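Build the full structure now, drawing on both the sequences and the hints.
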Amino acid sequence: MNALAVIGPALHRLAGELPSTAPQGSNILAAQVAIGGLFSLHILIAGLVSGAAELGPAIEFLGYVRQRRSYDRLAHGLGRFITYYFSVSSTIAILLVTVLLVGLWGHFWTTIVTIAWWPLFIEAWTFVLQVSLGYLWYYTWDPLRGFKGVHMAIGGLLAIASFLQVYMIDVVASYMLTPTAPQNPIRQVLNPTSYPLTVHRTVGNLAYIGFVIGAFCAIGFLRTRKPEDKVFYDWAGSFGLLWGISMTLLQPVVGYSYAKEIQLHAYGSWYKMMYGTLSPWFLWQITLLGIMFLTATLYFARRLRTNDAPGAGLLNAMAVGMVLTIVLAAQPYHLSLTYDAVVGAGLNRPFWEGGLINPLGSMIPWKVLALMFYTLIAIAAVVWYLRGLPGVVWGAARRGEQRLLILMAALTIMMMVTMGFIRENSRAPFLITGEMTIQGQQNTQPTPTP
Amino acid sequence: MSRIAAIYDWLDERTAVRSLARKGLYEAVPVRGAWFYTLGSATLVLILLQLVTGIFLTLLYVPSVTEAWASLNYLKQHDAFGSIVRGIHLWSAYILLFVIGLHMVRTFFSGSYKRPRELNWVTGVGLFVLVLGMAITGAFLPWDQAAYWTAVVVTNIPAYTPFIGSFMRALWRGGDFVGPITLSRSFGIHVWLIPAILFPLILAHLALLRKHGEFGSYINYRGAYRSREGVDVPPAPAQRPIEPPYPAVPTDELWAAPLETEDFFPFQTFKDGLVSVLLVIVVFLLAVAIGAPLEAIADPSTTTYTPVPEWFFLPLDELLLLVPQQLIPLALVLPAGGVVLLLALPFIDRGPERNPFERPAVMVPGAFAVLFVVILTLLGSGRLFNL
Amino acid sequence: MAHRDPRRLSRRQFAFLGTQAVGAVVTLLLGIPIVGFILSPLFHRQLVVWRQVGDISAVPDRQPTKFEVAFPLDEWTSANVNLAVYVVKISSQTLVFSNVCTHMQCPVRWQSDLEQFLCPCHGGLYDITGKNIGGPPPKPLPQYVHRIDGTTLFIQNSFTESI
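Chains as they are written, first to last, in the working numbering: chain C, -17 to 432; chain S, 5 to 391; chain L, 3 to 165.
Don't read these hints as lab results, they were simulated from the structure. All values reported here derive from a predicted model rather than from experimental measurement. Built from N, CA and C at the ideal position, the CB exists for glycine as well. Please note that the accuracy of each hint is not assured.
For each label pair, taking beta carbons as the anchor points, the in silico distance ranges come out as [claimed, not checked]:
#1 C:ALA106 - L:SER114: 42 to 48 Å
#2 S:ASN77 - L:LYS141: 35 to 41 Å
#3 S:PHE288 - L:LEU41: 38 to 44 Å
#4 S:LEU24 - L:ASN84: 55 to 61 Å
#5 C:LEU342 - S:PHE288: 54 to 60 Å
Stretch-level coverage of chain L by chain S, calculated; a stretch enters the list once three of its residues show a Cβ under 8 Å from a Cβ in chain S [as the list claims (entries may be wrong)]:
#6 8 to 16
#7 44 to 53
#8 121 to 133
Right under this line is the structure:
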């Protein structure tokens, strides 16, 4: 704790002594746009890198157990991806921290560093681990071919470092939404939304890289002329989609639990998302999730049909069921921008009675049922596709399937940006719920003593 | 002839002990992956530990609403060794449930439930349900706050069954409310009724295992076998005659018998013994260090106590929290449906393939189920930590 | 073998049928009392009595106040069970609630900062009139059958609607 005793007061003095060049008044919007834009970009790339660092070693291990070269080739490709893009996402992150956070949001940043010192400290070191293990994992691929065990161990350590990195930053992010006991590090790490957010993001990163593998291989399939590459891209695209959709299938349970914890510990944010100004975006998100499941089911059906493998018919039927479920899920509850607008206009009754409420759009029970239903249909679709896989001839896909894979990645990116937007805006006007406001971080308030 | 050999001959003529020993000790077991196959015997050891500590606890515990807490409180205050016995009983129960979970995952993964071992799996699921019943009824017995409210909530679960729900609840509680009959019934079920079914079922489970032999996993069979020399090896000549359970029933050539086997005694017994002893040491350490807690005596009129479920109920508790009121029976159908699916597993997955990586249509839903339970447990424990 | 009338029972058949008959008799002899014993709580009427809660004149308006009332456990034990009772006065109306949650029967408590009854197990919420307004509870807070003599409240250990 000595480091804290030294650095904490130093930062405190710094924050107080620096001339306030931070934006005031209407420039706060510009600061928010800057932070929001850069953070979204960072997450879109860093999420892929994290996912690749976790999925790659797993695929390498599976390939070793199943003695399949294609798995090894895919894992190798993910390793290459990490080496290309790690520096891009890290540069954005460093820009964020050193320029934007310290410069524009200095009071907030020094506060959070003081409170979450150890998580951020560990986070910083996981960057060192990730970069050294990531490059090591990729560049020792061929030299360690005879020592697969060692190579896979390096990959395993990389996956652990990557998970730890996400976990630590999620401690900070969840603390901002549901702060508890800043002086107690265990309570801080285990704050109410820490587990849901970490599970949600870890699973989400794995899904995201899966879908991007799908899109990447779809483009590769469409462009290449070599038949063995076509076989690989076709298989890898399907494989990536399977991973992506399997991980996404876990999200409804985690997301619902996450929303529950927010309801219990940050009620204002929850209300804003479910009934307030962010509720149309939340409705869009639940619809987007359904469309993602639908796209995957359509891919499964098409891919099986292309090779006349059994199961396409049932999958098409599942797709129809899914469309109906999405129609139910997409119904708005209040036929106005916010629920308060309905109450304010005194039209708190069903629309067939002249009001602005659509009872079929209520979360309980209709949307919950819709969520459960399309999750179950999607699980059944995955299983049915797996059953039909032995009848598939890799390399003999049509263009339609590849377009669906590309669409899937686009939908995922839309989903992630929507979620980030909802998340950060739900906490407004707070930066740290109940403790620090966006406006308030501009005034000189005393930072908590270390 | 030595004296001992003569005694042994005398016994053998009258009891056939020699052939019994040979059958018992020198059965063939697969070589690769043997450490994973120790989980079954670890489960048995922990159950026997429960039996022994449980029997000795009945020498003091009184199953009455007025005496139960008092007797255990007396144990806690005045009997250090008795408290350790009670601590072993509790921690062994917790670890037993975890080890059963691992054992089920291993046999699921290795496809050991396939023909001709389907009934082995079915009896195993029965054992799992019975052990869960033991854990639940045992949790009621101390009649402290935790036990009382666990009794109230758990006996309330059957009430959501359509039509017969309130009758099922009344049967278990001995009335509409938890009271003396609930405790007496639960004690009788815990000490007599379930053990009377459990132990014969364990014997059946073991007898079936003996009949067909330990399957092992796909790494023990031709095609996936990688011996230390890198080639398929024929079985090494045995020093003593190995009792051959394989193949009990000729199914298909590939999975009929493992390629390389060794004697159960001493190779597998050593591994089994080591794992079991390690687990028992862990149980013992936990019993001494933490022990079995005893909260305040049951108070039905409390408005300050927050009931907290046992760890193995966390997934169901989290599900009950998340599921809206109109869909509560759905939440309760899930665990029941899960048990039915488990029982039906050998009849759903009938193909001969044992390699888990070659049967994704079974592995993927199984992995989902395990992941759902793990995630719900994590989320539940996080929520309870922040109550 | 000598010629015999095929309609007559052979010795084997007689012993077979006899074993089955004996088995049936034993099953019935054992089964009927045991099954009856197991099912007996379904036919047993809960002992319902009146007990005095106390003087409720001091209970403030719109402030649920907890009382504890001892009822007999009518089985063989002489011990009593303490039940919590919440008395709520809303203008001229007096409501007498039990604190048994209608979700999983956890002990509900009044939270004055929320101005609602809260169930700690799964976050169920009831308003001051006992209506279930949040979380999973499917029914309102149960009310005791009660009567008021002057300012003294008496309750029965039974609810106005079963849960």
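Okay, the hints, checked on the actual structure:
For ALA106 of chain C and SER114 of chain L, the Cβ-Cβ distance of about 46 Å falls inside the hinted range of 42 to 48 Å, so the restraint holds. One distance hint, 35 to 41 Å for the beta-carbon pair ASN77 of chain S and LYS141 of chain L, holds here, with the actual separation near 37 Å. A beta carbon spacing of about 43 Å between PHE288 of chain S and LEU41 of chain L agrees with the range 38 to 44 Å that was offered as a hint. Between LEU24 of chain S and ASN84 of chain L the beta carbons are some 59 Å apart, a value that agrees with the proposed interval 55 to 61 Å.
Look at LEU342 of chain C against PHE288 of chain S: about 59 Å separates their beta carbons, and that is inside 54 to 60 Å. Closer than 8 Å: that is the beta-carbon criterion, and the stretch 8 to 16 of chain L has 0 residues meeting it against chain S, so the requirement of 3 is violated. Only when three residues or more bring their CB closer than 8 Å to a CB of chain S does the claim for the stretch 44 to 53 of chain L stand; here the count is 3, and the claim holds. Counting residues of the stretch 121 to 133 of chain L whose C-beta sits closer than 8 Å to any C-beta of chain S gives 4, which meets the bar of three, so the coverage hint holds.
Consistency with the previously given hints fails for number 6 only.
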